[in-house]
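Colleague: Numbering-wise (this note's numbering), the sequence shown opens with residue 1 and increments by one.
No lab work stands behind these hints, which were simulated from the structure alone.
Listed next, the in silico DSS-like pairs over lysine-lysine satisfying Cα-Cα at most 25 Å (straight line): (1) Lys51 - Lys206; (2) Lys196 - Lys206; (3) Lys178 - Lys196; (4) Lys178 - Lys206; (5) Lys51 - Lys178.
All of these numbers come straight from a predicted model, not from anything done at the bench.
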Amino acid sequence: MTNFNRNLLWFVGLSVLGAAMWYFSDIVTYILLAWVLSMLGRPVADFFQEKARIGRFGIGPSVASLLTILTFYIVLAGVIFMFVPGIVQQARNLANVDYQALGQKMQPPLHFIDVELHKLGILKPDENLGVKTQELLSTWLKPTMLGDIFGSFLSAAGGIAVTFTVVTFILFFFLQDKNLFTDILHALFPTDLEEKVLNAVDDSSKVLTRYFGGLLVQTFIFSFGITVILWILGVPNALLIGAFGGLMNIVPYVGPIIGQVFGLFITLSSNLTLDFALIWPLLLKVVAAFVIIQMLDNNFIGPMIFSKSVQAHPLEIFIVTLIAAKIGGVAGMVVGIPVYTVLRVIARTFFSEFKIVQRWVG
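Let's have the full structure, built from the sequences with the hints guiding it.
Modeller: Spelled out as structure tokens, the structure:
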């Protein structure tokens, strides 16, 4: 068989495989998510099998898998109970605010900006920045806001429940049998490619384990740094703001902005009874904390994680993030870098003879 025919068969085969994965994208997503969670949970499952004992008897892989999944759910429940009560309380505060009085309170500190906007023609002579802010807040943070949020959650609850159930079911078997995922791949590929498939899966597992492990460390450092700075500066709800900021930092580029906006939202809603001259310094402290930690993260923590796991140029990562955001929005930005990392491993394993691949993977 000539090289042309072989490459043509590869192209056709990969096209068919890609089309099938696109058509069954939800099922593929469940399997991949369970696989990633199984890699993160493997050390926990091994710990339970080696250390958890009842007398002279240890526990088997099935019980260890169940305990690992239970550990995941306990951590998830802890995160939810950390955030939800505080957010609900702040939403209630905002829903009961007298926005007309708030707009009047904001007029003096916004007077300078108001004058400049009138000079630029952005505001009409009869318009006022304080009133505009009041209208904006009353539109977005209306008394029915809690009901709207709850209704939106209920409408999505069915899909979330299905995802959790299916992923949990698949995750159990991946944890119970560490070779199950590779056995599935072996069934999809010819015998002469089994060694390459095994190497690709092994390399991908190592890279993703390093990446997600580093991401957990990055999230903890970011959350801890924000919390400590805000606590020292005397900003209320420092732990809530720091923890949420750390979680949002997982989303490249956009996440820190979301975390900062959330911090400003929580700080403002917690201090609406104060004079606005006293609220401004608290808001500036929140901004300063995020700027300081973000600079440390961008220059030290983030590059260290990407250089050791992804092994890609920062510009390359930026472009991949943009493409992932275009395809899948925020969720795409979160999974874009891990998926790209796996694609690099696959290209290096199966297509290393091509010059473009050699340049791409170094």
